[in-house]
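Residues per chain are reported as follows:
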Amino acid sequence: MIHSLFLINCSGDIFLEKHWKSVVSQSVCDYFFEAQEKAIDVENVPPVISTPHHYLISIYRDKIFFVSVIQSEVPPLFVIEFLHRVADTFQDYFGECSETAIKDNVVIVYELLEEMLDNGFPLATESNILKELIKPPTILRSVVNSITGSSNVGDTLPTGQLSNIPWRRAGVKYTNNEAYFDVVEEIDAIIDKSGSTVFAEIQGVIDSCIKLSGMPDLSLSFMNPRLLDDVSFHPCIRFKRWESERVLSFIPPDGNFRLISYRVSSQNLVAIPVYVKHMISFKENSSSGRFDVTIGPKQNMGKTVESVVMTVHMPKAVLNMNLTATQGSYTFDPVTKVLTWDVGKITPQKLPNLKGLVNLQSGAPKPEENPSLNIQFKIQQLAISGLKVNRLDMYGEKYKPFKGVKYITKAGKFQVRT
Amino acid sequence: MAQDKCHLITQVGQPQVSHCATPLPVQESLALGKHLGKALPAVSPSPAAGRVHDDLKEMLDSNKDSLKLEAMKRIVAMIARGKNASDLFPAVVKNVACKNIEVKKLVYVYLVRYAEEQQDLALLSISTFQRGLKDPNQLIRASALRVLSSIRVPIIVPIMMLAIKEAASDMSPYVRKTAAHAIPKLYSLDSDQKDQLIEVIEKLLADKTTLVAGSVVMAFEEVCPERIDLIHKNYRKLCNLLIDVEEWGQVVIINMLTRYARTQFLSPNQNESLLEESAEKAFYGSEEEDTKEPKAEAASLAKRKPYVMDPDHRLLLRNTKPLLQSRNAAVVMAVAQLYFHLAPKAEVGVIAKALVRLLRSHRSVQYVVLQNVATMSIKRRGMFEPYLKSFYIRSTDPTQIKILKLEVLTNLANETNISTILREFQTYIRSMDKDFVAATIQAIGRCATNIGKVRDTCLNGLVQLLSNRDELVVAESVVVIKKLLQMQPAQHSEIIKHMAKLTDNIQVPMARASILWLIGEYCEHVPKIAPDVLRKMAKSFTNEEDIVKLQVINLAAKLYLTNSKQSKLLTQYVLNLAKYDQNYDIRDRARFIRQLIVPTEKSGALNKYAKKLFLAQKPAPILESSFKDRDHFQLGSLSHLLNAKAVGYQELPDWPDEAPDPSVRNVEVRGAPQGAGCMGGQGGSVSEESGSSSSSSSSSGSEEEEEEEEEGSGEQSEDKEEEEKRPKRKDKEGSRKAAMGSAGRYPLGKRGSSVNPFSLNPAVTPPPPQPIPSSSIISTSLVTDLEGLTLTDTSLTPAVSVPHALPGMSRDPCPSWGLQVGGSASHTPAPRPRQLLSPAFGAVRTYELLHRMAGEGLSVEYCFSRRPFPGDPHMVAVHIQISNNTDAEVKSLRVSEPKLLSGMRIQEFPEIGTRLAPGDTANVVMGIDFCDSTQAANFQLCTHTRHFYVSIQPPVGELMAPVFMSENEFKKEQGESLCTVVDSCHPCCSQ
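These protein sequences, in sequence, are chains Z and S.
The letter at position 20 of the first sequence is residue 20 when you use this note's numbering, and the numbering goes up by one with no holes.
The number in this note's numbering is simply the position in the second sequence, starting from 1, with 418 added.
Since the hints were derived computationally from the structure, they do not count as laboratory data.
Predicted model, so just to flag it, every value in this text is computed and none were measured.
Incorrect hints may have been included.
Claimed, not checked - Think about it this way: if two alpha-carbon atoms lie no more than 30 Å apart in a straight line, the pair counts; the simulated DSSO-like pairs of lysine-lysine are:
no.: 1; chain 1: S; residue 1: K997; chain 2: S; residue 2: K986
no.: 2; chain 1: S; residue 1: K986; chain 2: Z; residue 2: K366
no.: 3; chain 1: Z; residue 1: K413; chain 2: S; residue 2: K852
As the list claims (entries may be wrong) - Some residues of chain S that are not near chain Z, with every Cβ distance over 10 Å (derived):
no.: 4; residue: K523
no.: 5; residue: V750
no.: 6; residue: K797
no.: 7; residue: L987
Quick reminder that beta carbons are idealized off the backbone N, C-alpha and C, glycines included.
Input sequences plus hints: build the corresponding full structure.
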């Protein structure tokens, strides 16, 4: 399976290597660098590269390439999914998955990698098990460790490893028992030039933060579970119960985790909460163009649209932009040609507008295409699909937990073609 | 200060530092600095390294764990950066027995990394591990085995072998899992051990814990993937455990089972395969195909042996399906490929939704999924059509994703959606990403060739692109137009003329070559222009690319043949230029063509045929997807992605023509598999409902086997239920155990509606087959609706005399019910009392005859006891419960004035003479002959003061009586009764 792993930063330094079988020389990464050069953009590096003796499967996360070396047939998604799980674990342990964080905690990283794979086959990837084996670094613990000489490696077998619920550790205790659920929905949409919706879809997740003592058995029910068309579950959820009663019944992992992710059935019409009026034009044979964009709210069920940000990848011929924003601030990066307009809150009384001139490279032909506008926004306390949590019941434990549900709607891949 | 020294050291310690890519961190450079004062070793291969490590050695030799730990941490940091720390081996290996667990772990890390290089020294550590293998703590046993097997030192192979064998029968499943992991390690070290290892694998495959299952299948795949025979006995167990195995194990098991199923079962689509060939030619859309198939299938069924899916095949499909909802993309993909390769065509569709979901994931996941979707969408277009819009492209997608999406969109294009797709393509053409634009133009070309209706539209669109500013776009369009024009050149001389004009401007060689070829090929359509073009090209010949030169020669030759008057001299000129070209291909071509077209004395017989050779009708090129036929690789595999066989790829075998003996999967071992019906919750833990259902169905499953093998059941379900302590579940558990105790008596459940009230006792020797005329089995008026006997998943399924009763069942082992209509019960011999047990009254569904409000305090409920009325076998017994909720007595309750349809009869219950006191209830039984109809029986219910009009309408299911019947009998009856019976039976079985 997975033979070796190399972590490479953006400037091409291999800053960590780990081998689960015989050592593979770093030079194998040259094939990767070659492909990277060919791809120009990091996004376009092929995830699977075939070399004379090995196959390289890589992912790109948080400015780090995770390049794994494979010697024989293995489902590529198996490796990709595992690498993402590694990155998630780093994120979980160190708060960020960055080169500095990994370098600072190189020993823990190594111990983690050692536990996660045995002979290239995943062994323990569940964060609760890993945390029992290797305690995440905290300032307090490192101080204590340095004084007492105790270690951050657990010396007991993680019970989860053996139980039927490997995601939960035993003997969890909290003084405040809390269970929070965030229903986060994202609107993916493509809006065409005339403002009509080409494609729109709602994707949602329920992220949970559960801090409950003992072995609570939760069941979460919805007012309108039929909305959920396609659902993927955390392994803790009893699939059968969902099938028969549309109730999420589970013994939760401890801490933060993603309970489900779902797609709202495509029959439902998606309410698009904002509209964009735009006028972008480049004049033939002149080195300027006009840019005029207004964003307004629509169908937002009485909630305010917040944190609106618009990013536009302008054509290469654009040299600079002289704009005035009636609200918020804008930046234009002349190197990457990305225009970012941080709008903030939209108030229907005064619609935010960004208007001005575009300077083009003189002599260059007029850009063929108008750039598309990518919009980000947030609406608090609203799940745009109308999904509502009905109730949360807890069995198996005596105490009364504090329960909370939060709804939020965001723009996912929300694109307006112009 | 540190900076200075560091600089100094980099010079001194050149050999050590030069090969490390990253600069030394401060900590280490300080360590270097500390030793700078010491004398340089005279002749050392890496002097600096030696000195650095002296410091570490000292720390390792100290008595303090904290110093050791510090040293080990620094060493591990060096290893992580890919630096050589091998010279510390003796110092490190001494600490292998260190008490501090973290030091120990880090020593293990070091050992595994360097043991291969320092084999002799590594042997020093072996005894520690051997001791560890005997430790009472399972964690220590496991980790000792793990490290021991990771040390790649050939000399310890026998020790490893012994350790693995021992660990394989360890009490702790965790140690057994580690043993499974160790197998491939040993195998890669010494492949001669294969036979012995296979024995261990065989043993571990029989392990019943989910913890081991994934790892041992992994070992199986690495060591002996060809020994498919080892799987037989474990097949059912693996299928049933699958849902509870950890994610990574699931992927491996599913992939292996896909291969297994391909060797053991028959193709579920074999009846369609022949039709497909004709259908595919005749029909465009796959939907049309689909609608066509059922009919055709029915016709072919009559002719050939009907396909019956092996219950084990069904089991696999059923147990993998819930995993489509896994959060792990690899699991979803594994199930998707399993369905693609194994499921009947009609069922493959379920995977589309899950695959589309994965498109929201990370870029690399998207990339792999899209590759697979592209392959699937060629074969099964209908499946992804509803999700067409999910493949629309965003300007922010990376190019490689864009191109894959484009591929899928093109594959999905058909006559109905082509206009939408083309509209999308129009947007894409204006993209800034030129590679993507080129791919879009290709895609338009493919749509145009595949869908005749839009060919002209596409062509017009492409011609418009010829005036695009971007040369690459124009060039790509030219190439695609060339291909399209070949289909119907006569109508498009205008376009050819237009393209001829382009030769002045366009510089891209491929495009120029394409234009020249077009003009040459269709020079008769553009007789005036062609020689002119040749003249221009002759002028610029020497500056052209090779590919263009070849086409110039080609054009010249063709013109010479068709229009030698105008072009003779030009041709001569071109050929002369080519004769002295630097490229030998061009020289050769010129020589060859000259001989062929210019008649000379020497030229042979071919000369006459020159025209035929050059101006032959050429077939239009077929624009095909590059993903066509990729599905001969197992989907989701590395080989499929690369479109080349990867090392260690196991070929996906073709379906066998004759199914191998299915009985090999029967297990004699006591209670090894958990029967066929188990389907747990998605995770390891099982909910109350699902737990009870899975345990109950698994109990029924194991009983099936039991019956077959005439052995007591050994229910082996890992008691997941123990986590849950609710009384209700205990009840179930209790009843289940009771059921087990009474050798297969089916417990009555608590859940009214879904529980079947009849408890058949399979352990009793089955009654001899009863001759039941098929006409009496199911009256045709009832066959359309059998909901009354629908067995939901959670119901406790009654016995089946043979396991896997029905072909085509999809979830629970199907009960072989013989259905008997109450009205015609007399046709059969009197039912045995043992077969028809009286139902518990509460478990049967009761219906309301008279509501408390309508009845002014009198409420009447009734239910069907599902037995013939004792007085008259034609009648159905109806239990009536009358309760008096008034505060006065009710007297003389009776039935009067029945209004019945012709043929229906009613046996009234005797008048209740006694008074019914307030709060009292009375139970009576009446018989009704419904004449096999579901018409209501209307009558009046009278009390001493009032008359109530009431009616009893029987649900279909209540008009039947259960009959015991063996599977063979059932099949026979099934075969004899009308097709519709079978059809309507299936939905109820496959709930």
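Against the structure, the hints:
Only pairs whose Cα atoms come within 30 Å are accepted, and K997(S) paired with K986(S) is accepted, the gap being roughly 16 Å. Of the supplied pair hints, the one linking K986(S) and K366(Z) is violated, its CA atoms being roughly 45 Å apart against a limit of 30 Å. For the hint linking K413(Z) to K852(S), the alpha-carbon distance of about 22 Å falls within 30 Å, and the restraint holds. The Cβ of K523(S) does not lie farther than 10 Å from every Cβ of chain Z; its closest approach is about 6 Å, which violates its non-interface assignment.
For V750(S), the requirement that its beta carbon stay farther than 10 Å from each beta carbon of chain Z is not met, with the minimum near 8 Å. At roughly 20 Å, the least C-beta separation between K797(S) and chain Z is larger than 10 Å, which holds for a residue marked as non-interface. Under the 10 Å C-beta cut-off, the non-interface status given to L987(S) relative to chain Z holds; the minimum distance is some 41 Å.
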